[in-house]
Amino acid sequence: NAGVTQTPKFRVLKTGQSMTLLCAQDMNHEYMYWYRQDPGMGLRLIHYSVGEGTTAKGEVPDGYNVSRLKKQNFLLGLESAAPSQTSVYFCASERSWRGTYEQYFGPGTRLTVT
Amino acid sequence: GDSVTQMEGPVTLSEEAFLTINCTYTATGYPSLFWYVQYPGEGLQLLLKATKADDKGSNKGFEATYRKETTSFHLEKGSVQVSDSAVYFCALSATTTSGTYKYIFGTGTRLKVLA
Numbered sequence: 019n020a021g022v023t024q025t026p027k028f029r030v031l032k033t034g035q036s037m038t039l040l041c042a043q044d045m046n047h048e049y050m051y052w053y054r055q056d057p058g059m060g061l062r063l064i065h066y067s068v069g070e071g072t073t074a075k076g077e078v079p080d081g082y083n084v085s086r087l088k089k090q091n092f093l094l095g096l097e098s099a100a101p102s103q104t105s106v107y108f109c110a111s112e113r114s115w116r117g118t119y120e121q122y123f124g125p126g127t128r129l130t131v132t
Numbered sequence: 005g006d007s008v009t010q011m012e013g014p015v016t017l018s019e020e021a022f023l024t025i026n027c028t029y030t031a032t033g034y035p036s037l038f039w040y041v042q043y044p045g046e047g048l049q050l051l052l053k054a055t056k057a058d059d060k061g062s063n064k065g066f067e068a069t070y071r072k073e074t075t076s077f078h079l080e081k082g083s084v085q086v087s088d089s090a091v092y093f094c095a096l097s098a099t100t101t102s103g104t105y106k107y108i109f110g111t112g113t114r115l116k117v118l119a
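First to last, the protein sequences are chains A and Y.
Going by the numbering used here, the first residue of the first sequence is number 19, and it counts up by one from there.
Going by the numbering used here, the first residue of the second sequence is number 5, and it counts up by one from there.
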């Protein structure tokens, strides 16, 4: 049981390049999330998904796209990277347990855009 | 709207000192409250939770009590260790009257424990 995994762990992009971050979970959770973490700003929600084939915008969706073709995978895409997207990206899946919701996080992807 | 406010860090303590990290929230309805911990280079991990007023969550020597009257969920530990050095996030989950669901994190409080 690997939990939530993210690939890659590190990436450096030039402005204008594109990339896809992959998140996978083996806990059969319906809900999945993408966050970015920046110094002094905590976690900000980019996009989320409430089930296979669904996606929705979070707090800071501009410049990102997502897809949830399979329940276990949630992909985050950057079509044209900008320096403002330099951040640490975390994926999370969520368990509903006795009326509460607990989130499980991946180890993060550190992205630098030059 | 709903929000979570944490005390600003960093908090620096000596080993075996008493820890308090303050967290207050605003929310309509009856949110569930959480503390998450993030160790260096890792993702967040659930530390403890409470689902209703007066509930006390506890784990690994940490405790927090859901206080509806003061809308607070302060994290405490009686004797911290160097290994507790991390960033601590307070969070809430709530369902609005219209049925939408949200999960809100505070900005995090960095704790540094010195030997």
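A hint or two may mislead.
As the list claims (entries may be wrong) - The calculated DSBU-like cross-link candidates involving lysine-lysine, where the alpha carbons are at most 35 Å apart (straight line), are: (1) K81(Y) x K56(Y); (2) K89(A) x K56(Y); (3) K89(A) x K81(Y); (4) K106(Y) x K56(Y); (5) K64(Y) x K89(A); (6) K106(Y) x K88(A); (7) K27(A) x K106(Y); (8) K72(Y) x K27(A); (9) K106(Y) x K81(Y).
Don't read these hints as lab results, they were simulated from the structure.
Status of each hint after checking the structure:
The hinted pair formed by K81(Y) and K56(Y) meets the criterion: a straight-line CA distance of about 21 Å does not exceed 35 Å. At most 35 Å may separate the alpha-carbon atoms for a hinted pair to count; K89(A) and K56(Y) meet this at roughly 31 Å. Between K89(A) and K81(Y), the direct Cα distance comes to roughly 38 Å. Violation of the 35 Å bound is thereby established for this hinted pair. Note on K106(Y) and K56(Y): the hinted pairing holds, with a Cα-Cα distance of about 17 Å set against a maximum of 35 Å.
For the suggested pair K64(Y) and K89(A), the alpha carbons sit about 33 Å apart, so the restraint of at most 35 Å is met. For a cut-off of 35 Å, the pair hint linking K106(Y) to K88(A) stands: about 23 Å separates their Cα positions. Annotation: proposed proximity of K27(A) to K106(Y) holds, straight-line Cα distance about 27 Å (limit 35 Å). At roughly 40 Å between alpha-carbon atoms, K72(Y) and K27(A) are farther apart than 35 Å, so this suggested pair is violated.
At roughly 28 Å between alpha-carbon atoms, K106(Y) and K81(Y) fall within 35 Å of each other, so this suggested pair holds.
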